[in-house]
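Protein chains in written order, with the numbering used here: chain D, 1 to 286; chain R, 1 to 182.
Any given hint could be a false lead.
Okay, the calculated beta carbon distance ranges per label pair [to be verified]:
#1 D:V59 / R:F68: 51 to 61 Å
#2 D:I51 / R:H144: 28 to 38 Å
#3 R:L120 / D:S186: 33 to 43 Å
#4 D:S245 / R:F68: 29 to 39 Å
#5 D:Q266 / R:P105: 38 to 48 Å
So these bits of chain R aren't anywhere near chain D, every CB distance computed over 12 Å [unchecked claim]:
#6 E59
#7 L81
#8 L93
#9 T108
#10 L120
#11 L158
#12 V167
#13 L169
For the chain R half of the interface with chain D, some residues (derived, Cβ under 10 Å), not all of them [stated by the list, open to error]:
#14 Q29
#15 P43
#16 C77
Derived from the structure by calculation, the hints contain no laboratory data.
For every residue, glycine included, the Cβ atom is placed at its ideal position computed from N, Cα and C.
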Amino acid sequence: MKEFLRSAAFKIIAGLLVVCFGMMIAAGSSKGFSGVGESLIGFFVKPFQEISTWVGDGVSGFFSELFAGSKLREENEALQQEINELRSQLTEYDNALRENENYKDYLGLAKENPDWKLVAASVVERDPISAYGEFKINKGSLQGIKERDVVITADGMVGVISQVGWTYSTVETLLDPNLNVGCICSRTGDTGLLAGTMLLAADGLTSLSYIDKTSGIQPGDYIITGGSELFPARLVVGRVQKISSEDGGSGLHAVITPVVDIKRVQEVMVITDFYGKAKEESGLQG
Amino acid sequence: MPFYRRASFREAIKWVVYGLILLLAYCLQTTKGLTVPIFGVRPLLMVGVVICVAFFEQEVGACVFAFFAGLLMDYACNTLLGYFALFFVLTSLAISFLTHFLALPNFTTFLAVSSVSLVLLCHADFFFRFILTEEEGLVPYYLHTFLPTWLYTGLTILLFYFLLRFVFLRLQPQNEAEMTTI
């Protein structure tokens, strides 16, 4: 034992421990160090991530087809009948179907918001023990993505970019208590602050607080972003599930079901620029 | 047993194979669809690789491997760079030291050492990442997500034990392989 403590091996190991500790302190106090280190790691593992995502999608598709075969057959017969009925109204629904396809491909969003600059991305990695559904996408600073850029799908908001590497970005979701978004009820115009909790995040829910106690907000109402220098306005966030009084009775508190299934989302868009976006880090929570 | 060892070609190949297994574990751990979820949780496969390598290898090699594995784990779990690296280096040092100085490196020892390591790693991680931040809802999260993930991780360690044992015995220089009782 004494020999080991005096040996070069012990000095190497002690050096490693000091390096680890130093890296943590440097990363904690200066995001720049952490960003470069993780960018290098991300650059190295990206090809393996892309391959494993491609394989994973194939495996998932194979098993879902295998186990859902009979169910798909019944669904197919029912859909066939529905298509026959819809055929008689084909002319009338053509425009609606075209708009729906466009919406699915985000063109609808782009038309309504011509000032948005969008970058398409895919989810390549999920942290198995993240409490808030955090995930990584396959685009980074090389594609123009920056920290605090908003992440959306065709259905609504997913979260914001919390970390950016050269070829990857980490997304902090709406379930995370660190993400505070100023929101309003689309029906009543009442305002509130969206911030998740660990308890709600386990069920894929988030919460809206500081709602005025005279508010007419009800379960089923849609919650949208209020708009700020960080978040574009009128992004759908979720629907009210239930309302309760806040501790102390100073206001109301709502449980919100996000419109996007955050723990299953696969394809997203990142809004890299929009009219009114802050050009510098302002520290605002939105 | 000497601490310095002249690197042979087989030794180099062995470490390359360990590295590839680590990368494979990283891909399986982070990609949805490549591991079977049990009650919605997936295992932390890189932890198993680190523990097994520490069990088979000497302290220096095990700690250097653990350092790089820890950095990869920090990237995967989005923790502070160096966080898991520190945990893995300490764990590998303890496992390697225990195995090569104090106990016979056999399967029973492996079960004991890996179980204790997992319990300590799991709870140290939970303490530093969640208890210190004083978040609400910790108990349900611990019982429904965190603990099952690490229990599932414990089951997968057995697979890595046999795989890495095979690699170790095949590629370790012959005279040293004969000296082990694994």
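We went through each hint and held it up to the structure:
V59 (chain D) and F68 (chain R) have their C-beta atoms about 28 Å apart, which leaves the hinted 51 to 61 Å range violated. A hinted range of 28 to 38 Å for the beta carbons of I51 (chain D) and H144 (chain R) is consistent with their spacing of about 32 Å. A beta carbon spacing of about 50 Å between L120 (chain R) and S186 (chain D) contradicts the range 33 to 43 Å that was offered as a hint. Taking 29 to 39 Å as the suggested C-beta distance range, the pair S245 (chain D) and F68 (chain R) does not conform, at roughly 52 Å.
For the pair Q266 (chain D) and P105 (chain R), the beta carbons lie near 44 Å from each other, so the given range of 38 to 48 Å is met. Not every CB of chain D is more than 12 Å from the CB of E59 (chain R) (nearest about 6 Å), against its label as outside the interface. Remark: the non-interface label on L81 (chain R) conflicts with the geometry, its nearest Cβ contact in chain D lying 4 Å away (cut-off 12 Å). Listed as outside the interface, L93 (chain R) is inconsistent with that label: its C-beta sits roughly 6 Å from the nearest C-beta of chain D, within the 12 Å cut-off.
Every beta carbon of chain D lies more than 12 Å from that of T108 (chain R), the smallest distance being close to 24 Å; the non-interface claim holds. Residue placement check: L120 (chain R) keeps its beta carbon more than 12 Å from all beta carbons of chain D (closest about 16 Å). Taking the minimum C-beta to C-beta distance to chain D, about 19 Å, the non-interface status of L158 (chain R) holds against the 12 Å cut. The Cβ of V167 (chain R) sits about 19 Å from the closest Cβ of chain D, beyond the 12 Å cut-off, so the non-interface label holds.
The claim that L169 (chain R) lies off the interface holds: its Cβ sits roughly 23 Å from the closest Cβ of chain D, which is beyond the 12 Å cut-off. Using the Cβ-Cβ criterion of 10 Å, the hint placing Q29 (chain R) at the interface with chain D is satisfied: the shortest such distance is roughly 6 Å. Using the Cβ-Cβ criterion of 10 Å, the hint placing P43 (chain R) at the interface with chain D is satisfied: the shortest such distance is roughly 7 Å. Taking 10 Å as the C-beta cut-off, the interface hint given for C77 (chain R) holds, the closest approach to chain D being about 5 Å.
Checked against the numbered hints given earlier, this structure breaks hints 1, 3, 4, 6, 7 and 8; the rest are met.
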